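K.L.:
Those letters in the sequence shown? Residues 1 to 338, per full-length UniProt numbering, in order.
Hint data in this document are derived by calculation from the structure and do not stem from the laboratory. Note that this is a predicted model, so its numbers are computed, not measured. Each hint should be verified, as a subset may be incorrect.
Using 30 Å as the maximum straight-line C-alpha spacing, the simulated DSSO-like pairs for lysine-lysine come out as follows [said to hold, decoys possible]:
#1 LYS204 to LYS231
#2 LYS111 to LYS147
#3 LYS200 to LYS214
#4 LYS111 to LYS233
#5 LYS304 to LYS274
#6 LYS215 to LYS200
#7 LYS200 to LYS233
#8 LYS233 to LYS147
#9 LYS200 to LYS111
#10 LYS111 to LYS231
#11 LYS233 to LYS214
#12 LYS147 to LYS274
Pair by pair, the computed Cβ-Cβ distance ranges are [said to hold, decoys possible]:
#13 GLU257 to CYS185: 50 to 58 Å
#14 VAL196 to THR259: 23 to 31 Å
#15 THR113 to PRO278: 35 to 43 Å
#16 PRO155 to LEU273: 21 to 29 Å
#17 GLU163 to GLY295: 24 to 32 Å
#18 THR198 to ASP115: 22 to 30 Å
Glycine included, every Cβ here is placed at the ideal spot set by N, Cα and C.
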Amino acid sequence: MQDKMVLAMVVLAVALVHGQQSADDRRHVGAIIFPDELNDRYERDKPANDGGGGFGGRTGGLAKEKRELAHTATDGDYLDDNATDDDDPTAGLTADYDIGIARARFLSELKSTADLIGQLDPDSIDARIFNDAGGEYTGRDMGENPKPASCEPQPELVSLRPENLTGTRYYFFPTCTRVNRCSGCCNTNQLVCEAVTTRKILYKVMIMEYRAGKKDRFSHLELVPTEEHVKCKCLCRVRESHCNELQVYNPNNCRCECTNREDRNQCVQERQLKQWNPDTCRCECLPRTEECTSGSHYDRSACKCLPNDFYALDQQQQGLLEQAPIVRLSRNPAFTRG
């Protein structure tokens with residue numbers, strides 16, 4: 001009886017510890033992670049064979065958490081095409097995510113982190129990372145929320161040097177000014193911040209003549225045309241003009257897509273010698289690993305070394321065919337059988 005009571009107490013203690021850990025884990029869902037804590041967790045989660053002191057069973061745990069944070073969204077198809085396999089222990093360690101054109105354009109319109117919070121799952125956010133009312137992080141640097149550098153006109157230095165100004169006797173003033181030019185993040189490399197509305201400004205620049213030992217002399221005013229950006233937008237980096245005759249433009253994905261699928265399938269069958277280039281939609285030879293021996297040359301159509309007389313033999317055979325006598329059948333009725 002006493003043994004059973006001891007066993008029951010041990011089971012109860014384990015259950016309490018497990019429950020406390022579960023509650024503690026839930027309490028820290030979506031909480032802020034400071035740099036030193038992140039480094040400690042990384043060292044703890046590293047597999048033993050990689051030199052870390054952590055648990056082998058949690059290989060890639062931190063990487064998986066980072067992937068889940070990167071994939072957070074409200075729509076179900078967000079990042080489906082680029083999602084990695086969670087069962088792969090090395091998945092996500094070096095993954096470079098592409099969030100998609102539609103999502104990137106949506107993010108480029110946001111003006112603050114508060115705008116994004118309204119689009120996220122509320123259960124994934126710990127309010128204490130934005131308002132430390134409980135005092136959990138008191139005494140620690142909570143950091144500041146950065147203002148997103150959205151795609152919009154921003155002052156940029158431009159030169160005011162006149163194009164026709166030559167010689168060392170003349171100089172101009174002012175040498176530069178600030179003009180609004182499109183700048184900002186578009187959240188994916190497939191988009192670039194560019195101007196959709198511009199206007200031309202004519203700046204009056206003074207041209208002076210330098211005179212040694214005397215006061216400089218005013219020469220004239222030069223009108224220097226400068227382009228100012230009025231409205232900006234995240235546009236596709238790859239345009240329809242970049243596509244070749246074997247491609248069709250996909251504006252939704254900002255890319256040129258190959259139309260010659262049969263050529264690609266044929267190229268895949270010859271993958272021991274050739275490789276498919278999706279940028280040009282052409283089958284190309286694999287990089288050469290060795291030079292051809294004497295008496296042979298590298299043939300780019302065959303992607304291998306061929307004898308120098310390989311085509312000479314074909315030409316010789318063609319010559320023999322041309323020299324062969326041609327026998328013509330007569331249409332004279334006398335030579336036909338009844």
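K.L.:
Hint by hint, which ones does the structure fall short of?
P.N.:
Of the numbered hints given earlier, those the structure breaks are 3, 6, 11, 12, 13, 16, 17, listed in rising order.
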